[in-house]
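Protein chains: 2
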Amino acid sequence: MTEPFRLTASQAQAKFRDCSLTVETYAKSLLSRISARDSTTHAWAYLNPDLVLARARELDQIAPEERGPLHGVAIGVKDVIYTKDMPTEHNSPIYEDDAPKLDAASIITLRANGALIFGKTTTTEFAATSVGPSYKGPRTSNPHDPSRTCGGSSSGSGCAVGDFQVPIGLGTQTVGSTIRPGSYNGIYAMKPTWNSISREGQKLYSLIFDTLGLYSRSVDDLKLLLDAFQLVDDEPEEVFNVKGAKFALLTLPTPEWPEAGPGTAAALKKGAELLRAHGAQVDEITLDDEFRPMYKYHLQVLSGDGRVAFLPEYYVAKDKIHHLLVNHVENRDKHTRKDQLKAFDGLAAMRPKADELADRYAAILGPSVLDVAPKGYDNTGSAAFCGPWTAMHMPVVNVPGFKGENNMPIGLSLVASRYRDQHLLRVAREVGRIFETEGGWQRQV
Amino acid sequence: MTEPFRLTASQAQAKFRDCSLTVETYAKSLLSRISARDSTTHAWAYLNPDLVLARARELDQIAPEERGPLHGVAIGVKDVIYTKDMPTEHNSPIYEDDAPKLDAASIITLRANGALIFGKTTTTEFAATSVGPSYKGPRTSNPHDPSRTCGGSSSGSGCAVGDFQVPIGLGTQTVGSTIRPGSYNGIYAMKPTWNSISREGQKLYSLIFDTLGLYSRSVDDLKLLLDAFQLVDDEPEEVFNVKGAKFALLTLPTPEWPEAGPGTAAALKKGAELLRAHGAQVDEITLDDEFRPMYKYHLQVLSGDGRVAFLPEYYVAKDKIHHLLVNHVENRDKHTRKDQLKAFDGLAAMRPKADELADRYAAILGPSVLDVAPKGYDNTGSAAFCGPWTAMHMPVVNVPGFKGENNMPIGLSLVASRYRDQHLLRVAREVGRIFETEGGWQRQV
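Chains E and Z, in that order, are what the protein sequence lines are.
Be aware that the first sequence starts at 0, since it is given in numbering that gives the first Met the number 0, and climbs by one per residue.
Be aware that the second sequence starts at 0, since it is given in numbering that gives the first Met the number 0, and climbs by one per residue.
I should point out that these hints are in silico values taken from the structure, not numbers from a laboratory.
Errors might be hidden in some of the hints.
Which copy is meant is left open, because identical chains are indistinguishable; a pair holds if it fits in one copy or across any two.
As the list claims (entries may be wrong) - Keeping only pairs whose Cα atoms sit at most 30 Å apart, straight-line, the calculated BS3-like set for lysine-lysine is:
(1) Lys-333 <-> Lys-222
(2) Lys-222 <-> Lys-83
(3) Lys-135 <-> Lys-319
(4) Lys-222 <-> Lys-319
(5) Lys-317 <-> Lys-337
Go ahead and model the full structure; you've got the sequences and the hints to work with.
Below you can see the structure in the form of structure tokens.
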């Protein structure tokens, strides 16, 4: 029998339903996995086994007919999202041991649906830097090679899901903080349409970009979450077939974006080949010139937003926040309000055009990352390829299945227009089936 | 000598500086005013005199050279904004006695600058309905006529500042929740540029509209706040003279907006006359047709945002939230995602054009409200004239000085383009001097 910790959330739920597994036994299995692996991976910022087991026993007491759709689903929560029974430290000494009794909107919804909020996972400082090490010391490593980063800023959630320590993780994304760890850790990662899930109660960086991110090892698990958060497309649910579908392949090599490394380049090539081999049409496209300022605009808006978001911490303890955030608050780059508005309005004008482009295809296939997870922990890698879809508010799913150097995982991004999240998930399910089977990288089970 | 509770914050600070008043004595005076008036006005959702006095004594202990720019400034906080030492109930039974130990971003900044966070002021449910009475019973009344509403949703802050119970109040605005009570209570009210002050830690309704609002009885006090929040325009601070300045008069009578009542119509007429009499040019303008869908778009986006924002409370206790919010979550009006995006993108496209219009003038002068505060408490009045500037993200100041029926106060809105908040305040200072002196309504002192 498969050890319970290796199950996806949907698989565990099937066993809860047929009474072959209790939530308590399942939670104990996850805790033993964490116990065995934590000294290597360091994915958790806070974990209280007693609390987890007490809650698991409570869930087991609920009569079958009263159980929620997420009954017993174990979820690791990035430590920038408030949980009323655990501290939230944002990886900042300013918030050491800080534990306001407050659940973020996402956590209220997940708990109300029966989820088991497991613990808090590591993050870079305020989810706003790409610098790995925590002020407290431990460095979250990549489950597939402990000498490498697991990415960031949603470091611990990406690692914990990739390492079978928990089936589902919550991250956040302001540029590439969910999708990048998704690729590095060989898992599914979804950044839904901006503002389709409430971001209330997660640390603010940018109102216009911050998005809750979702991790899992299966599309079924992502589907459970989208349904709990009541994401509904305009179009009815229809069966999606790769055969006969039309995809865009967007490699993004322009002066604005860096060139993909060999691992990602090979994955893109193979991904397109596999789709074609399964009967899809794949058109290679480029972004029109009007989209060119996107990257510059994104950074410009971020800078203005960081100036506002980190002013409170700046007042409280300027010396305890990263110098990049101090630079934002002090506007060291001398950004004008006029430039900030030009960028804000410029991105807004691009969004309907990006939707229009995406709507010509079942999905856009593009790179998630430059290449496999880099060596070391000091830097969590580049978000360059994730930024465009964050700026455009479009839903993205990282689909794993490819490999780069050292047999490290590489994923590709599927992208749809805004509020086609359920459609995108149906596409990701079929594409994932192909990429995971034939892409060349297999998760060790 | 003026009783301390009648001082503006700036006046009180002058007395702290020359040692003719302590923060403790000042706080006691405010508390005695509240004690005398509270059974009529009901402006406070939470007030703990012991806590206030303890904090006041702490502030008095700070050496003069170490005092912050907001030293001793007493601030009433709308009860949708988190304060770590007081409950935050959002006027919802779901959050009865809820007191997570968390300060909103705005509160952290204010405290770090030396402010005295005084207590929590009443709000309509989640600042998201225009229905007056609280689930707990008391109805906040208008300080100038207790049989009338003080407006909403920032009911208590508007009332408390208008009634000399506190010199400064924090509100929020998603449509007209700050500016409307400003007019009804005869005080200055400012809705700064969207996202120029962090909205983190205030209950979410709409990411794209929610804005922290500021109340005071003087422009000097608003200036103290804008400086603490580090609002800086691109342009340098320059002396503003009404003489020679050019204003736009925008009365908004279109099929999309209701007609102003006699009180507001007279105030607009008199306001324009006074500016002209003081040497300004006042051009009567109308909004171009491209702005016509603004009101419809605003409501459309709100509906989609409410669907997301109140999903957690819907799961927790659907029967304990207002049916309008239930309607949002259940999408009873059958709004499509496509329409929601059309509205979201449509408003975004209008913003640079609205800035362009405003930049032709020192400020746009327009109505704040339909007329004086309505009778009764069941309805907090119409936000119709406030919505456009909220949707456009533009800064607005309600300037008091006019009167309508029954000698009730009426204010007018001054509006500038985004991130010209300090400019707008300089205009409001000079215009306010004229309106308050010659407009016909005098605050009883």
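Legend entry - Identical-chain pair category, Lys-317 with Lys-337, by Cα at 30 Å: For Lys-317 and Lys-337, the Cα distance is within 30 Å only inside one copy (27 Å; across copies 44 Å).
Inset, instruction - Up to 30 Å between alpha-carbons, please classify Lys-222 paired with Lys-319: within, between, both or neither. - result: between (40 Å within a copy, 29 Å between copies)
Legend entry - Copy assignment of Lys-333 with Lys-222, given that the CA separation must stay at most 30 Å: Cα proximity of Lys-333 and Lys-222: across copies only (23 Å, versus 44 Å in one copy).
Inset, instruction - Evaluate Lys-135 and Lys-319 at a C-alpha cut-off of 30 Å and name the case that applies: within, between, both or neither. - result: Intra 13 Å, inter 42 Å, cutoff 30 Å: intra-copy only.
Inset, instruction - Measure nothing new, just compare the shortest in-copy and cross-copy C-alpha distances for Lys-222 and Lys-83 to 30 Å and report within, between, both or neither. - result: Answer is within: at 26 Å inside a copy they meet the 30 Å cutoff, but 37 Å across does not.
Hint compliance for this structure: every hint is met.
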